[in-house]
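The lines below spell out each chain.
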Amino acid sequence: MSKLIYLDNAATTQVYPEVLDAMQPFFTEYYGNPSSIYSFAGESKRAVDAARSTMAEFLNTTPEEIYFTGGGSESDNWALKATALAYKDKGKHIITSKIEHHAILHTCEYLEKEGYEVTYLDVDENGLVSLEELEAAIRPDTILISIMFANNEIGTIEPIAEIGEIAKKHGVLFHTDAVQAFGHVPIDVQEMNIDMLSASGHKINGPKGIGLMYIRKGIKIGSFIHGGAQERHRRAGTHNVPGIVGFAKAAELAKRDMDKRMKYETQLRDYYISRVEKEIPYAKLNGDRVKRLPNNTNFCFRFIEGESMLILLDQKGICASSGSACTSGSLDPSHVLLAIGLPHEIAHGSLRVTLSEKTTKEDIDYTVDELKKIIERLRSMSPLYEDFVKKQEAGQKLA
Amino acid sequence: MYSEKVMDHFNNPRNVGEIENPSGVGTVGNAKCGDIMRMYLDIDENGIIQEAKFKTFGCGAAVATSSMATELVKGKTVQQALEVTNKAVMEALDGLPPVKVHCSLLAEEAIHAALWDYAEKNHIQIEGLERPVNDIAEKEEAPEEVY
Ligand SMILES: Cc1ncc(COP(=O)(O)O)c(C=O)c1O
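From first to last, the protein sequence lines stand for chains D and U.
Following the numbering used here, the numbering of the first sequence begins with 5 at its first residue and continues without gaps.
Following the numbering used here, the numbering of the second sequence begins with 247 at its first residue and continues without gaps.
If you are wondering where the hints come from, they were derived from the structure by calculation, not from laboratory data.
A hint or two may mislead.
Below, simulated DSBU-like cross-link-like pairs (lysine-lysine); rule was C-alpha separation at most 30 Å, straight line [claimed, not checked]:
1. U:Lys-278 / D:Lys-394
2. D:Lys-377 / U:Lys-278
3. U:Lys-251 / D:Lys-395
4. D:Lys-395 / D:Lys-7
5. D:Lys-394 / U:Lys-320
6. D:Lys-320 / U:Lys-278
7. U:Lys-333 / D:Lys-376
8. U:Lys-367 / D:Lys-394
9. U:Lys-251 / D:Lys-320
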């Protein structure tokens with residue numbers, strides 16, 4: 005492929021060369037098992053310990069509260085299922101939102117089948133949960149609140165500190181799926197009263213298949229993966245040493261460059277948004293304009309369908325994603341777009357463009373220029389657009 | 247994921263557009279599910295389809311099946327057009343991924359809906375033709391969103 009403009013950084017990211025460099029020795033040179041006694045394994049053990057400290061510092065917690073997992077999905081599953089099991093004598097009620105990632109939603113559905121009760125909070129048209137509704141949903145038997153830090157489709161950042169405060173006030177545990185937020189925006193688990201947090205390596209220029217869970221000291225949840233004594237008996241399995249090292253390196257870079265990166269991406273994001281809004285009619289921005297991940301944009305373009313848009317963009321070397329039914333593998337468009345109140349036919353025409361710090365203004369200009377042509381072309385083929393135009397013409401004649 | 251033929255018909259769709267005063271026009275599908283096809287037919291006094299045009303809202307497969315369906319019915323008699331089934335459309339496109347088979351059904355239905363409209367306009371009966379279930383010609387309009 006000649007040109008490649010990767011604008012799907014919410015799906016996954018490029019592993020940075022520095023990250024790969026940091027990982028490399030732990031494949032062929034220091035391949036020892038960190039749990040082994042002999043000194044050869046010491047290098048691996050030290051690397052894992054150092055990585056844990058990096059993560060703890062990043063989140064403002066202690067290394068003993070960081071557990072490495074096989075990714076964001078595993079952390080989410082662990083948080084929900086293990087909390088449900090450990091606290092079932094207190095109650096069987098969980099509160100979450102309608103716009104969570106499927107790693108949370110499908111786990112909740114599983115727990116419902118196991119006799120738990122789940123409240124799925126509505127969100128407003130920007131994707132924000134209501135603190136009043138959240139507080140009102142808390143019952144004596146509520147054991148867990150799980151609300152995502154930032155949404156993966158529309159980029160909305162939830163009021164995490166406020167939710168943490170409410171959870172603390174009512175003595176309910178608070179988990180947040182921070183897979184999209186970790187490394188992209190500041191997170192302080194003390195200040196925000198977060199009890200458990202999921203994060204993932206591959207969303208921050210680290211490797212795939214590695215994640216972490218922060219579990220506040222004193223929380224009694226058990227193991228999710230049973231076996232060996234790794235991770236203080238809480239997560240069995242030989243450590244993925246290169247993965248852990250790479251994840252920590254990526255977090256270190258993310259921390260170092262966060263301010264600069266947030267500023268750059270926010271500017272570029274708003275530039276894309278303003279160009280689209282100025283130049284493409286019948287486009288609607290999804291998600292909150294301000295409380296939004298720096299690298300996320302999500303638009304619905306009326307009268308057209310997302311997959312067609314993606315194929316045509318792909319032919320121009322542009323990688324993006326959509327919440328249309330055809331791309332979700334079901335007949336329904338994205339649950340997030342429906343939850344913010346979009347009608348089905350409009351939700352089908354969504355386009356998510358997620359930037360990185362390496363995206364340039366030229367990339368954005370090229371993308372918007374191509375997008376304009378693609379949308380015009382698809383609209384010229386659309387019976388919905390035809391009807392719309394005819395109705396407008398008829399209206400004008402009447403007036 | 248798509249065959250070369252599907253990609254070709256998606257990238258260079260044949261017969262996109264409208265026909266003014268068509269002999270028959272049919273719209274099928276469901277915006278909720280993300281597919282709507284509209285087919286226009288121009289049928290001469292001998293019952294031969296002279297022209298077929300389409301407009302489609304939908305995914306790559308929906309566009310490609312509409313395009314192929316118009317190609318397949320052109321020059322055919324009304325009776326022959328009825329034999330253009332979803333299977334025929336799929337075969338002509340060298341197949342579709344399993345999740346996209348419903349698009350080819352929609353193409354077949356779009357042909358039927360247009361023929362149904364033609365039959366109604368001319369007060370004739372076409373043997374073997376039933377009104378397609380997904381015909382949305384007379385459905386109430388979707389609520390208008392303004393932004
Ligand atoms: C919000 C959110 N949660 C969880 C996940 C799953 O993470 P992983 O791919 O590491 O399992 C993702 C990634 O798609 C995500 O965006």
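Hint check:
| no. | hint | in the structure |
| --- | --- | --- |
| 1 | U:Lys-278 / D:Lys-394 | holds, 21 Å |
| 2 | D:Lys-377 / U:Lys-278 | holds, 25 Å |
| 3 | U:Lys-251 / D:Lys-395 | violated, 35 Å |
| 4 | D:Lys-395 / D:Lys-7 | violated, 40 Å |
| 5 | D:Lys-394 / U:Lys-320 | holds, 27 Å |
| 6 | D:Lys-320 / U:Lys-278 | holds, 29 Å |
| 7 | U:Lys-333 / D:Lys-376 | violated, 35 Å |
| 8 | U:Lys-367 / D:Lys-394 | holds, 22 Å |
| 9 | U:Lys-251 / D:Lys-320 | holds, 19 Å |
The earlier numbered hints that this structure contradicts are 3, 4 and 7.
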